[in-house]
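Engineer: Sequence:
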Amino acid sequence: MRYTLSLLLIVGLTILAQSHATSKEVKNLIRGGGDFEDPQELLLNWTYEVHGGFVAIATIDKKDSLTGKSCVLLDIQQLNKDTQEWWRLQFKQINQVVENGKKYTLSFWAKVEEPRPIHTWIGMEVDPWAGLGGEKEWNVVDLDWNEYFITFTANQAFNNTRLTVIGGYAKANV
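First residue of the sequence shown: 267, per the numbering used here; consecutive thereafter.
Hints are supplied without guarantee of correctness; some may be wrong.
What the hints assert, rightly or not - Here are the computed lysine-lysine pairs in the DSSO-like style, where the Cα-Cα straight-line distance is at most 27 Å:
no., residue 1, residue 2
1, Lys335, Lys377
2, Lys377, Lys293
3, Lys358, Lys329
4, Lys369, Lys329
5, Lys368, Lys329
6, Lys402, Lys369
7, Lys402, Lys377
8, Lys377, Lys328
9, Lys377, Lys358
10, Lys368, Lys335
11, Lys293, Lys335
12, Lys402, Lys358
13, Lys293, Lys368
14, Lys402, Lys293
15, Lys358, Lys328
16, Lys369, Lys358
17, Lys293, Lys369
18, Lys358, Lys368
19, Lys328, Lys369
Said to hold, decoys possible - The following label-pair restraints were derived from C-beta to C-beta distances:
no., residue 1, residue 2, range
20, Asp341, Lys402, 19 to 25 Å
21, Asp341, Trp395, 24 to 30 Å
22, Glu413, Lys328, 19 to 25 Å
23, Asp327, Asn294, 19 to 25 Å
24, Lys328, Trp395, 32 to 38 Å
Think of the hints as simulated: they come from the structure by calculation, not from any bench.
Virtual Cβ for every residue (Gly too), placed ideally from N, Cα, C.
Kindly produce the complete structure, drawing on both the sequences and the hints.
Structural biologist: Take a look at the structure:
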């Protein structure tokens with residue numbers, strides 16, 4: 267049985283840190299810019315973790331992007347319906363640095379073949395795996411590109427932060 271999540275994702279995945287100097291200045295903290303126009307960006311800056319009976323592939327898709335150039339296709343081929351460990355499918359970038367009390371915005375563009383939940387989590391890349399304030403779940407229902415974002419204040423400083431898009435929620439054919 268094959269499950270496909272064509273989560274055509276992240277033409278413009280950004281995590282922005284608001285400058286203390288002026289509220290208008292922002293810096294994109296995503297390595298590689300997050301637009302996936304260069305296929306090497308996927309290899310150099312991102313990891314797709316698959317555990318516990320899940321099978322998925324992350325590739326560059328040049329056919330169905332928001333900008334007409336390229337995007338990331340997360341092709342979920344098999345879900346382990348026997349586990350409740352929805353976090354076992356993770357598209358992530360690590361080694362981000364967040365500062366306690368600083369405001370950040372995570373934004374991304376996504377579309378799906380069928381409605382399904384998508385979860386984002388910003389937290390520690392190491393045990394105790396604590397969240398740092400930027401967690402949200404979206405019910406992505408659109409066959410067309412839409413932007414999703416969350417603005418949060420980091421609840422502590424951390425220098426090995428994981429920015430994660432989690433796709434293991436879907437329990438039905440996608």
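Engineer: What hint numbers does the structure not satisfy?
Structural biologist: 4, 5, 10, 19
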